[in-house]
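J.: Based on the sequences and whatever the hints tell you, model everything.
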Amino acid sequence: MAMGDIHDCIDRIMILFGLIDEYLSVPRYILFTGDFGEDVSTLKFLGEILEKRSIIGISTYGNHEPEIIRKIHRSQNIECIYGIKIIPLGKTYEVGDIKILSIGGNRGSGKKWSHWRDHEILEIIRQQKNQKIDIVLAHEMPFGLADRCRGNKNCGQIALRELIEKLEPRIYLGGHLHTHPSVTKYKETYIVKVGGISNRGYLKNKSFFATLEISNTIKIESYCVDIEKREISLVLKEQ
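Counting in numbering that gives the first Met the number 0, the sequence shown runs from 0 upward without gaps.
Check the hints yourself; a few may be wrong.
What the hints assert, rightly or not - Straight-line C-alpha distance at most 25 Å; calculated SDA-like pairs for lysine to any residue:
hint, residue 1, residue 2
1, Lys84, Gly95
2, Lys165, Arg116
3, Lys203, Thr216
4, Lys51, Pro65
5, Lys90, Arg69
6, Lys90, Arg125
7, Lys165, Arg106
8, Lys205, Asp20
9, Lys152, His114
10, Lys98, Leu211
11, Lys165, Asn105
12, Lys184, Leu233
13, Lys98, Lys152
Just so you know, the hints here were simulated from the structure itself, not pulled from any lab data.
Being a predicted model, the structure only gives us computed values, none of them experimental.
T.: Right under this line is the structure:
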(Lines of atoms letter the chains of each structure in order from A; the text may use other names.)
(Lines give C-alpha, C1' and ligand atoms only; values in the text may rest on other atoms or scores of the structure.)
Protein backbone atom coordinates (compact mmCIF):
# COMPACT_ATOMS: atom_id res chain seq x y z
CA MET A 0 0.00 0.00 0.00
CA ALA A 1 1.13 3.58 -0.60
CA MET A 2 -0.03 6.95 0.77
CA GLY A 3 1.32 10.38 1.60
CA ASP A 4 0.77 14.10 2.16
CA ILE A 5 -0.89 13.55 5.53
CA HIS A 6 -0.06 17.05 6.84
CA ASP A 7 -1.07 16.25 10.44
CA CYS A 8 -4.61 15.18 9.43
CA ILE A 9 -4.90 12.48 12.09
CA ASP A 10 -8.71 12.50 11.87
CA ARG A 11 -8.52 11.41 8.23
CA ILE A 12 -6.04 8.65 9.07
CA MET A 13 -8.48 7.28 11.67
CA ILE A 14 -11.32 7.23 9.13
CA LEU A 15 -9.12 5.72 6.42
CA PHE A 16 -7.84 2.82 8.52
CA GLY A 17 -11.33 2.13 9.83
CA LEU A 18 -12.49 1.67 6.24
CA ILE A 19 -9.42 -0.38 5.30
CA ASP A 20 -10.09 -2.70 8.24
CA GLU A 21 -13.68 -3.15 7.11
CA TYR A 22 -13.39 -3.41 3.32
CA LEU A 23 -9.81 -4.31 2.31
CA SER A 24 -7.09 -6.74 3.30
CA VAL A 25 -4.71 -5.21 5.82
CA PRO A 26 -1.38 -4.70 3.98
CA ARG A 27 1.92 -6.09 5.12
CA TYR A 28 3.76 -2.89 4.16
CA ILE A 29 2.84 0.76 3.66
CA LEU A 30 5.09 3.04 1.63
CA PHE A 31 4.81 6.74 2.50
CA THR A 32 5.64 9.48 -0.03
CA GLY A 33 6.35 12.10 2.65
CA ASP A 34 4.81 15.24 4.16
CA PHE A 35 3.63 13.77 7.45
CA GLY A 36 3.31 17.33 8.77
CA GLU A 37 5.28 19.35 11.29
CA ASP A 38 3.90 17.80 14.50
CA VAL A 39 5.92 14.79 15.67
CA SER A 40 2.79 13.43 17.40
CA THR A 41 1.45 12.57 13.93
CA LEU A 42 4.31 10.10 13.47
CA LYS A 43 3.73 8.63 16.91
CA PHE A 44 0.00 8.20 16.28
CA LEU A 45 0.61 6.65 12.88
CA GLY A 46 3.24 4.31 14.31
CA GLU A 47 0.73 3.06 16.88
CA ILE A 48 -1.84 2.39 14.15
CA LEU A 49 0.69 0.38 12.14
CA GLU A 50 1.95 -1.57 15.16
CA LYS A 51 -1.59 -2.54 16.14
CA ARG A 52 -2.08 -4.08 12.68
CA SER A 53 1.45 -5.52 12.35
CA ILE A 54 2.11 -3.29 9.32
CA ILE A 55 5.67 -2.29 8.44
CA GLY A 56 6.00 1.37 7.46
CA ILE A 57 8.69 2.51 5.00
CA SER A 58 9.00 6.15 4.06
CA THR A 59 10.81 8.83 2.16
CA TYR A 60 10.13 12.40 3.33
CA GLY A 61 8.73 15.59 1.86
CA ASN A 62 9.22 19.29 2.47
CA HIS A 63 6.84 19.50 5.45
CA GLU A 64 8.23 17.31 8.22
CA PRO A 65 9.05 17.58 11.94
CA GLU A 66 12.62 18.30 12.99
CA ILE A 67 13.21 14.63 13.85
CA ILE A 68 12.89 13.78 10.13
CA ARG A 69 14.80 16.84 8.90
CA LYS A 70 17.75 15.59 10.98
CA ILE A 71 17.71 12.35 8.97
CA HIS A 72 17.94 14.37 5.75
CA ARG A 73 21.06 16.04 7.13
CA SER A 74 22.65 12.92 8.65
CA GLN A 75 21.96 10.60 5.69
CA ASN A 76 21.31 7.63 8.01
CA ILE A 77 18.32 5.30 7.73
CA GLU A 78 16.43 5.50 11.02
CA CYS A 79 13.34 3.97 12.56
CA ILE A 80 10.95 6.52 14.08
CA TYR A 81 7.95 5.11 15.94
CA GLY A 82 8.31 1.91 13.92
CA ILE A 83 8.50 3.66 10.51
CA LYS A 84 11.73 3.28 8.52
CA ILE A 85 12.76 6.69 7.16
CA ILE A 86 15.11 6.49 4.16
CA PRO A 87 17.28 9.53 3.33
CA LEU A 88 17.76 11.05 -0.11
CA GLY A 89 19.66 8.71 -2.43
CA LYS A 90 19.76 5.76 -0.05
CA THR A 91 18.29 2.32 -0.76
CA TYR A 92 16.43 -0.10 1.47
CA GLU A 93 15.61 -3.72 0.68
CA VAL A 94 12.45 -5.61 1.61
CA GLY A 95 13.03 -9.21 0.61
CA ASP A 96 14.13 -9.03 -3.01
CA ILE A 97 12.54 -5.59 -3.56
CA LYS A 98 15.00 -2.69 -3.59
CA ILE A 99 13.61 0.78 -2.81
CA LEU A 100 15.42 4.02 -3.66
CA SER A 101 14.40 7.12 -1.70
CA ILE A 102 14.22 10.57 -3.30
CA GLY A 103 13.26 12.60 -0.25
CA GLY A 104 12.43 16.28 -0.11
CA ASN A 105 11.54 18.61 -2.97
CA ARG A 106 13.53 20.60 -5.51
CA GLY A 107 14.62 23.89 -3.99
CA SER A 108 17.01 25.52 -1.57
CA GLY A 109 17.06 26.92 1.92
CA LYS A 110 17.40 25.50 5.41
CA LYS A 111 13.81 25.49 6.66
CA TRP A 112 12.65 22.42 4.69
CA SER A 113 14.28 19.33 3.17
CA HIS A 114 15.36 20.15 -0.38
CA TRP A 115 17.46 18.70 -3.17
CA ARG A 116 19.24 20.27 -6.14
CA ASP A 117 19.46 18.86 -9.66
CA HIS A 118 23.15 18.00 -9.28
CA GLU A 119 22.29 15.75 -6.32
CA ILE A 120 19.83 13.77 -8.43
CA LEU A 121 22.43 13.43 -11.19
CA GLU A 122 24.91 12.07 -8.64
CA ILE A 123 22.32 9.55 -7.40
CA ILE A 124 21.80 8.44 -11.00
CA ARG A 125 25.55 7.95 -11.37
CA GLN A 126 25.78 5.93 -8.15
CA GLN A 127 22.79 3.71 -8.91
CA LYS A 128 23.20 3.39 -12.70
CA ASN A 129 24.10 -0.31 -12.75
CA GLN A 130 21.89 -1.34 -9.83
CA LYS A 131 18.48 -3.01 -9.97
CA ILE A 132 15.93 -0.56 -8.58
CA ASP A 133 12.42 -1.93 -8.13
CA ILE A 134 10.72 1.09 -6.56
CA VAL A 135 11.64 4.76 -6.47
CA LEU A 136 9.88 6.17 -3.41
CA ALA A 137 9.80 9.93 -3.93
CA HIS A 138 7.94 13.03 -2.82
CA GLU A 139 7.93 14.95 -6.11
CA MET A 140 6.83 13.72 -9.53
CA PRO A 141 8.87 13.50 -12.76
CA PHE A 142 8.16 16.06 -15.47
CA GLY A 143 5.49 15.05 -17.97
CA LEU A 144 4.61 11.78 -16.25
CA ALA A 145 1.48 11.67 -14.05
CA ASP A 146 2.32 15.22 -12.91
CA ARG A 147 -0.69 17.31 -13.95
CA CYS A 148 -1.70 20.05 -11.52
CA ARG A 149 -3.63 23.31 -11.70
CA GLY A 150 -5.46 22.41 -14.90
CA ASN A 151 -3.23 21.05 -17.64
CA LYS A 152 0.08 22.26 -16.23
CA ASN A 153 2.91 19.76 -15.78
CA CYS A 154 4.35 20.28 -12.31
CA GLY A 155 6.98 17.54 -12.18
CA GLN A 156 10.76 17.89 -12.23
CA ILE A 157 13.03 17.35 -15.24
CA ALA A 158 15.80 15.79 -13.12
CA LEU A 159 13.38 13.12 -11.89
CA ARG A 160 12.36 12.37 -15.48
CA GLU A 161 16.04 11.76 -16.22
CA LEU A 162 16.28 9.49 -13.18
CA ILE A 163 13.52 7.30 -14.62
CA GLU A 164 15.16 7.33 -18.05
CA LYS A 165 18.52 6.19 -16.68
CA LEU A 166 17.61 3.86 -13.79
CA GLU A 167 14.48 2.27 -15.31
CA PRO A 168 12.75 1.30 -12.03
CA ARG A 169 9.71 -0.96 -12.15
CA ILE A 170 7.60 1.55 -10.18
CA TYR A 171 7.95 5.25 -9.36
CA LEU A 172 5.78 6.47 -6.45
CA GLY A 173 5.30 10.17 -5.70
CA GLY A 174 2.89 12.73 -4.32
CA HIS A 175 3.31 16.41 -3.38
CA LEU A 176 0.77 17.82 -5.85
CA HIS A 177 -2.46 17.27 -3.87
CA THR A 178 -4.41 16.40 -7.01
CA HIS A 179 -6.37 13.39 -8.23
CA PRO A 180 -4.31 10.18 -8.40
CA SER A 181 -2.83 9.17 -11.72
CA VAL A 182 -0.98 6.20 -13.19
CA THR A 183 0.96 6.14 -16.44
CA LYS A 184 3.46 3.74 -17.97
CA TYR A 185 6.67 5.03 -19.52
CA LYS A 186 8.68 2.32 -21.25
CA GLU A 187 8.76 -0.40 -18.56
CA THR A 188 8.15 1.89 -15.56
CA TYR A 189 4.79 2.48 -13.88
CA ILE A 190 4.61 6.06 -12.59
CA VAL A 191 2.07 6.51 -9.79
CA LYS A 192 0.89 9.83 -8.39
CA VAL A 193 -0.60 8.52 -5.18
CA GLY A 194 -2.79 11.52 -4.36
CA GLY A 195 -2.90 13.00 -0.87
CA ILE A 196 -4.54 12.27 2.46
CA SER A 197 -4.87 16.04 2.96
CA ASN A 198 -6.39 17.99 0.05
CA ARG A 199 -7.95 21.38 -0.70
CA GLY A 200 -10.51 22.93 -3.02
CA TYR A 201 -12.83 20.53 -4.81
CA LEU A 202 -10.93 17.60 -3.26
CA LYS A 203 -11.09 18.90 0.32
CA ASN A 204 -13.37 16.06 1.44
CA LYS A 205 -11.39 13.36 -0.38
CA SER A 206 -8.34 11.34 0.60
CA PHE A 207 -6.45 8.94 -1.65
CA PHE A 208 -4.17 5.92 -1.34
CA ALA A 209 -2.99 3.09 -3.57
CA THR A 210 -2.46 -0.65 -3.28
CA LEU A 211 0.41 -2.43 -5.02
CA GLU A 212 1.07 -6.07 -5.81
CA ILE A 213 4.57 -6.77 -7.11
CA SER A 214 5.77 -10.13 -8.40
CA ASN A 215 6.56 -11.10 -11.98
CA THR A 216 3.71 -8.76 -12.83
CA ILE A 217 2.51 -5.50 -11.27
CA LYS A 218 -1.00 -4.59 -10.15
CA ILE A 219 -1.87 -1.06 -9.01
CA GLU A 220 -5.20 0.15 -7.63
CA SER A 221 -5.99 3.69 -6.46
CA TYR A 222 -8.75 4.34 -3.94
CA CYS A 223 -10.70 7.41 -2.86
CA VAL A 224 -12.03 7.90 0.66
CA ASP A 225 -14.99 10.26 0.98
CA ILE A 226 -14.36 11.77 4.40
CA GLU A 227 -17.89 13.14 4.90
CA LYS A 228 -19.72 10.01 3.76
CA ARG A 229 -17.06 7.67 5.14
CA GLU A 230 -17.10 5.63 1.97
CA ILE A 231 -14.28 4.03 0.00
CA SER A 232 -14.25 3.55 -3.78
CA LEU A 233 -11.87 2.26 -6.46
CA VAL A 234 -10.92 5.05 -8.88
CA LEU A 235 -8.03 3.58 -10.91
CA LYS A 236 -6.77 0.13 -11.82
CA GLU A 237 -3.64 -0.79 -13.77
CA GLN A 238 -2.07 -4.18 -14.42
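J.: Could you run down the list of hints and mark each one as holding or not?
T.: Checked hints:
1. Lys84 x Gly95: Holds - the C-alpha atoms of Gly95 and Lys84 are around 15 Å apart, at most 25 Å.
2. Lys165 x Arg116: holds, 18 Å
3. Lys203 x Thr216: violated, 34 Å
4. Lys51 x Pro65: At roughly 23 Å apart (the allowed maximum being 25 Å), Pro65 and Lys51 satisfy the hint.
5. Lys90 x Arg69: This hinted pair holds, its Cα atoms lying about 15 Å apart.
6. Lys90 x Arg125: holds, 13 Å
7. Lys165 x Arg106: Holds, because 19 Å separates the two Cα atoms, which is no more than 25 Å.
8. Lys205 x Asp20: holds, 18 Å
9. Lys152 x His114: The given pair, whose Cα atoms are some 22 Å apart, holds under the 25 Å limit.
10. Lys98 x Leu211: Holds, because 15 Å separates the two Cα atoms, which is no more than 25 Å.
11. Lys165 x Asn105: holds, 20 Å
12. Lys184 x Leu233: Judged against 25 Å, a Cα distance of about 19 Å means the pair holds.
13. Lys98 x Lys152: violated, 32 Å
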